[in-house]
Each structure stands twice: as C-alpha cells, then as structure tokens.
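Chemist: Chains as they are written, first to last, in this note's numbering: chain R, 1 to 504; chain D, 1001 to 1484.
Calculated from the structure, these hints are not laboratory results.
Among these hints, one or two may not hold up.
To be verified - Which chain R residues stay away from chain D? Per the calculated CB distances, all over 10 Å, these: (1) A73; (2) V140; (3) F213; (4) R442.
Stated by the list, open to error - Label-pair restraints from in silico Cβ distances: (5) P1228(D) x G31(R): 57 to 65 Å; (6) G31(R) x E1156(D): 52 to 60 Å; (7) A1034(D) x I69(R): 51 to 59 Å; (8) Y1174(D) x E66(R): 53 to 61 Å; (9) H191(R) x I1005(D): 43 to 51 Å.
Every residue, glycine too, gets a C-beta built ideally from N, C-alpha and C.
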Amino acid sequence: MTSTLPLLSLLIWLPIAGGALVSLLGSERAGAARWLALAVSVLVLLVSIPLFTGYDADAGTLQFAENHIWIAAIGANYHLGADGISIALIVLTTFTTVLTLLGAWDSVHDKVNQYLAAFLVLEGLMIGVFAAMDALLFYVFFEGMLIPMFIIIGIWGGPRRVYATLKFFLYTFFGSIFMLIALIYLFLQAHSWEMADMANLHLSATAQAWLFFAFLAGFAIKVPMWPVHTWLPDAHVEAPTGGSVILAAIMLKVGGYGFIRFSLPMVPDACQEFAWVVIALSLIAVIYIGFVALVQEDMKKLIAYSSVSHMGFVTLGVFIAMALVRKDGNPDAAYLGVSGAMVQMISHGFVSGAMFSCVGVLYDRVHSRMIKDYGGVVNTMPWFAALWVLFSMANCGLPGTSGFVGEFMVILASFQMNAWVAAAAAFTLIIGAAYTLWLVKRVIFGAVANDHVAHLKDINAREALVLGAFAAGVLLVGVWPAPLTHLMDASVRHVVDQLMQSKL
Amino acid sequence: MPFNIHDIVLLLPEDFLLGAVCAILLVDLFLKPAQRAITHWLSIAALLITIGLILADADPATTAFGGMYVRDGVATVLKVFILGTTAAVFVYSRGYLRDRGLYVGEFYLLCLFATLGAMLLVSAGNLVMVYLGLELLTLSSYALVALNRDSPLSSEAAMKYFVLGALASGMLLYGMSMIYGATGTLDLAQVQKLSAFVAGGAHEHQALLLFGLVFVIVGIGFKFGAAPFHMWIPDVYQGAPTAVTLFIGSAQKIAAFGMAYRLLAGGLDGMQDHWREMLAVLAVASLAIGNVVAIAQTNFKRLLAYSTISHMGFLLLGLLNGTPSGYAAAMFYAIAYAVTTTVAFGLILLLARSGFEAEEIDDFRGLNQRNPWYAFIVMLTMASLAGVPPLFGFFAKLLVLKAAIDAGMLWAAIVAIVFAIVGAFYYLRVIKVVYFDAPEDKSPLVLPADLPFRWLLSLNGVALLVLGLFWGPLIGWCYRALGL
C-alpha cells in the first residue's frame, strides 16, 4: 500500500492545529468551539481509517513511513512509521477522542474552548507517541503529553485537583527522565536516534541491566505497576470524566507500548534476566490491587484500581513471553503472551473508557461518585443499566466480551511457564468478578436508594451514542477478534523474532 | 606593540558601539524628559546596527592588537545574542522605568557600556583584556542596581553586589597573576601552550598554576552565580529594579559563558583534568542549592534567582565536557536560558503598574481568567525552564546531559536530573497559580499601551515553542562556531 498523503503527519498535526483554532475561538463561543472540536476529531477518525484498511498486515513491517531530517547537528530525524501494533493503538486513540469530546458536551461549562483544545492537542501528541520511530521524537511526544493532561486535571478537576495533578506530573516526569538518560546513552553508543539502530546495538550485560531498569522506571510509572501506581487513583478521582477516559483508555497504554518498543528489542537479555521482577510486580498488581479495589467506596477509585489490576495483565503477558524465551526458547508461547498483552490493551481501552463514561453519566446527574449515594438505578435508567452491566461483564472477563480474549491468552501463556503463575493470574477472574459485580449490585440493583435516584432521567441520544459505540467495540473484539489479531499478528511475530536474538 | 590602523577596522562593531554610546550621552544631555524616547530608540538602533556590522563581516577567525582581541565564531554568536537580548531589555523596560521615575538616560548608557564590556570580554585574547571587559561590565552593573537610589532595598542590593563583586574580581586578578607567574605570559594563546606543560609533570611552578586555576574558577563561579558563590544572586535579583534584573539575568549570563570559554577552553585547556572536577562540584552544588531553596520562595524574582543558580549548574555540566561539542552545548544552554528568562522577567514587567511591582507569585493568580494569551506564555516559559519537551529549554538540557554523559560523568547527569524533578515542582506551582487558582480581581488584565513591548513579549514567548520544534539552525550555528 502506497499512499501519497503523509497520513501519520496529518493525524498528528491536524488535531494540534484544530486545537489551536478552537482555543482561539475564545471562551464566549462555547457552542462553536464544541462543534469545531467535534468536527476536527471526527475528521481525524476518518483519516485514521485508511491506516487500518490500507495496512498490509501480512507483511507486519513498518509502513506509511515518513522520514525527514529534523536536527542535523545531532542526527535526530522526523521519522514516523506504523506497524500493526501502532495502528491498533492509533485507531483506539482517534475513536476514543471523538467519544470523549461527545461525552463532555454538557458537563463542562467553564472555559470550554480551552478544555476542548487541550484534548485535541493531547490526541495529536498521543498519536505521535505511537507513530514515532525516532527515539528523541518519541520522547518529545511522550513528555509533551504531560502538559495538556496536567492542565485538564488541574482546571476542570475535583476539589483535590491540584494535589492530584502535581502528583501525576511529578511521578511521570520522574520516571521518564531516567528513560531520557537511557536514550542518551543508547544514542552515544549507536550515534543515531533511530529506534531500529538502537535495537541493533550489542551491549554488555551490565549496560543492559542499567538500561532495563531505566526503561522500567519510565514505563512502569506510566502503566502503572505496583508499587508506583499511587498517582493513578488520585488522578482518576480528581480528573473530569473526559480526562479519566483518556487517561485510562490511552495514556496507560503508552507504558505497555513502551515496553514492547524499547525494552524488548533493545535489551532482550536483561529483559529475560529480570523478567521475574516484572512478573512478580504484575502478579501483585493483579491480586493485591484487586483486593484494594474491592473495598473502595468511590466508583472512580474502584475503576482506577481495577485499571491497575488489568494493566497488570499487560505487563504480565509481555514479560511471561521473555521468561518463556529464557526457559525453553519457545517463540510460539512468547507470541501468545505479547499478543495477549496487546489485545488486553485494546480491550481495556474500550472497557475502562466505557466504565469511566458511565460514571460520568451518573455524576452529571447526581454530582456524586460515592457508591452509597446510589442504588436501584435500573428502576429509573434501564437503558443505562443494561449498558453498565455489559461493560461490567467485560471488566470481569466474561467470554463473548473483549475482556475475555486478552486475559485468556495471557493465562494460557502463563501456563506454559508455570501453573502457579497461571493460577495466580487466573485468580483475578474471581476477584475481578467480585468487585465489579458487587459494584453493579450496589449501584444498579436493589431498591431505589434516595430521591436523587428516583428522579434520574435515562440516557439521552448523545450519551447512548457514546456508550453504544463503546459497547460495539467491546462486543466486536469479544466475538470476532480476528481483524484485530490479524492486524497485529505479523507485527507481534516481528517483535518476538527480535526479542529472541541475544544482544550481548 | 606597533599601532596598526587595520586593527581598528577589525573592531568595527565595538568601535561603532563606543561611538554611538558617546553620541547618545551627548544627545541625552540636551533632551527634555519628555523627549526621552529619542534616547530609547537611538539606543536600540545602535544595538541593532552593531548586530548588523557583526553579521556583515563574516570574516574567518582572526586576532587584533597583538592577540589582545580575538574574533571567531564563538565571539560572533555570543555578541549577536548579547546585543539582541539587550535590545529586548530596552523594549521591555520602557514602561516600567517611566512609571517609577527611572526613565533616565543613565539607564541606557550604563546598559550600553556594560554591553560593550561584555563584547570585549567574549572577544578577549589576553588576561588583561578579560579583566578589562569584565570590569566595564560589572562596574556598570553595580551602578544599574543602585539606579533607584531612594529605595533602601535597591541600595542594599547594590552594596552587596559591589562588595562581593569586588572580592571576586580581586580573586580573579590574583589568580591571573599566579598564572602569569607560572607561565610568564598574559596572552591566552601562549598560556594555552604552556599550561599543559607546566601543570603536567613535576614542573617547579605546578602548584602555583593550580592555585591560579582555583582563583580563576572562583571568579568564573561568581560571574555565573554558581554555588557556593551564589550569595549575591537572590538579593540582587530581588532588590534591583526589575528592568535591571532582566538585564543582569539574561545578557550577562551569555557573557559569563564567554568568559569561562576564553579562560578555560582557551587559556587553561591543558588543565582540563583539574578544572573538570572543580566544575562538577560547582555544578552539583548549584543544582542542589538552586532547586531546593527555590521551593520555599514566594517572591517571583527570588524564585527566578534560585532558578538561575540551578540553570548555571546545568550550563557547567556542558562546559565540563571539555570538547567542542560540550562547549556548543553549554553555549546553546546559555542562549536558551537568556531567551527564556527574558520572557519570564518580561511577564513581571507586563503585570507591574506604578506603585505595584507584581513580583510575588500570588500576583499571577488566576491570570488565565484575566488574559488567556499571556497565561499561555507563562506556561510556555515555566515549562521551558522546567525542561519539558517540546520547548526550547528541554533541548538545551538534553545537549548538556549528553555532554556530561559523553565526558564519563554519568553520576553528575543523574544528580542533575534528580534535581530537575525537584525543579519541575516549583515551576509547575507557577503554572498552577496562573491556571488553577481564582483571581482576586476578575476584571480583564489592563495591558500596557506600549505595543512594541506586547508584540515582542508574545513573539519571545512563542519563540520558546518554535525554537523547541526547529532548533536545528541554532544548534547548527553553535556547532559551526566551534568548528564542528
């Protein structure tokens, strides 16, 4: 597939330019700002479709490449490209952004133009992260994302927003700056910022170990893994609905993506050596954080902890693959692990985005996120209750929903490693079901709890469209994951081939 | 030394500026206070024409007056930015000075003399010339700090600056005399040839030269404001009129880099192993003190003062690499710092009114609701100072970190980034005040009528983003200046 249009550049700069335009509209023209922002995001979604249809998935190579000299003096290039993994995440980004903007239509009234502009700029930067093939360019997008999110949480967030947003920024900044040192070190070795050149380096075991932990600092905080997850519940609770959706659905994925793009190909030997560290942390996240989720009284906090637990599956899948390669050099099982991690990322994008949108729907009406303020919502909001139950089922990993596919693949891969690891991972299916279904029971079912609930109005057409789109995604990936796995299949195999090669 | 008319021609930009300053001095005498704008625009024109003369004469490296004066790529780049930021200082300062009754010819003349000193300093090829340039620069600066002579704070700052500055000059001079004693020459090119020989091996003057180096480093550290020679920075920054702080904080840091480059890279190049360790200590101390103490500040000017100290720590990291690419990184850092800090002080001047200094961080409260555009510029400035991509300041940090790691100083780079995280906190706090807090006075910001000021401030702010995305030409120029 050859395309004359620089699709990836368009995807990055169109929303950023759109965001600038929206912010220039001024805070008085809120209506115009909403329509313009929506138009831009829909346009970006449309532009991202040729990426999906035009990608030659059987080859699994980098396509849609654009390569221009950026800073000649230090050899940095404006090099964009996408393989199946990137494309899946880019389409998830464009899809979720449209729904986020739609979801915030009525719930934000203060400085609407800046709110929408921040989301559009954020969208462009996130797409840039997934498309950058030059390590410096990647880092610029990776860090650049922090500023709009910092603003989003800080201006439109809840009462403790300043604390939450500072914590979010400083945590992420802390991790990524160690990654920067690692990248500079790799640059000095490779004399190039190209990620492909960095992956071709031969490094000593000691150097690899240091680089591995530097990358781990950067990406583990982003994912986030236990014990550096504490910024996430705070950020989620205080963020406006749209901020939570983007944070959970896409920004966390950047961490998982980083492991696959940097740690695995660049320092595979250290990844094998220290796979047990990540596996142990992931299992703690899956189980311990699951228990933590069980006792939450705030719906957003509960879903935030559930996110940490589910993202544990992503890191588990990625590093189970490394452990399997170390154990018996089995590429097929490794493939299953990485593939499962990828499917889990996409699925979690839909499910967590949908769950946070649901909480947003309730919050817009009652202005409370506390579980005790609800009960018997099904009596007044039947359509909403049906969708919520669907998303909850997906969150538990019910077969037929997207949540099942990825978790199943990761557990299957874990089994080839060690039955105990698999058993521990599978435990999440129980604990996940427990906290999710208990949440459903307390919020949706039962008698009508109070006057607020009694006067609830069911979702309107706009909310139905947002939640319906998420539901379609959840069901599609659950029932017919073939297009998604086919898209990523050859690319994941390519990653597995790379991590099989020792770089010592 | 025979007098050669050709040498005068080589110094054409300096000659022109000197002539222009003298002419402005005379013209200003005959002007009524209401006509001060003539002095203002003449000064700016003089600076811009000097830039033009420097750029027009793209002759390769050469020396004049028997090696006293060096003209090379580094001098050209530094002079262009020193003159450019000084011109920006004039544009920014006008309204502020007028509101405070400080709109006098002396401000312009002293700044221009200081600029001339800075030009000679960055072109110095001889220890005497270094001292001469430095004294012209600092003596003018002492007087500038005391410009508001009725303010006790201002006089106190000037006193501190003068006493400590004189002490540092004395140390520098003492160091120079030791270098002269050890090598028998004042010419930096000769010193460069001899210093490696004297410092290495068992030369009888080895200890003398090392002592000389230490005293020279003290002088350089003072000029940069690197810890532990940073004591003057917060008081002077806070006490001086903001317009003067702007001048001391921007153009002079570029000049300080020029001085360090001439002395260390030029003269004492052979003693890299010795000065590298010393600079690493200064860098780490500056990063620690600057960033940690800044957290406790409520005064915006003091915050920027401690921020300067930490930034000078970063700059020294580039310098200690001791190769042309390291010097290029440090030079890029000095320029990036000057451009960014100009915006920061410009924003204080924007908010200041007569009788209101706008120098507390709280004075910026809720700026986003009063004027979103300048709030956005505050955000760009703070993000650039914190080193968040894609802003200018990030790439400057990237280059110096690369230089430090390249020099085998990985530990120093890690210390630097840890303190950069601490630093991010107080820069973010300013963004927080601007964006997340509600203003006491909700009315839209009354902007000064001075259009050139507003346009330049906007341009300068946006430049932080544009130079962050397209910094290739600038770093390319720095690399070429160092022959890379």
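Chemist: Which of the numbered hints are not met once you compare them with the structure shown?
Modeler: Checked against the structure, the hints that fail are numbers 1 and 2, while the rest are satisfied.
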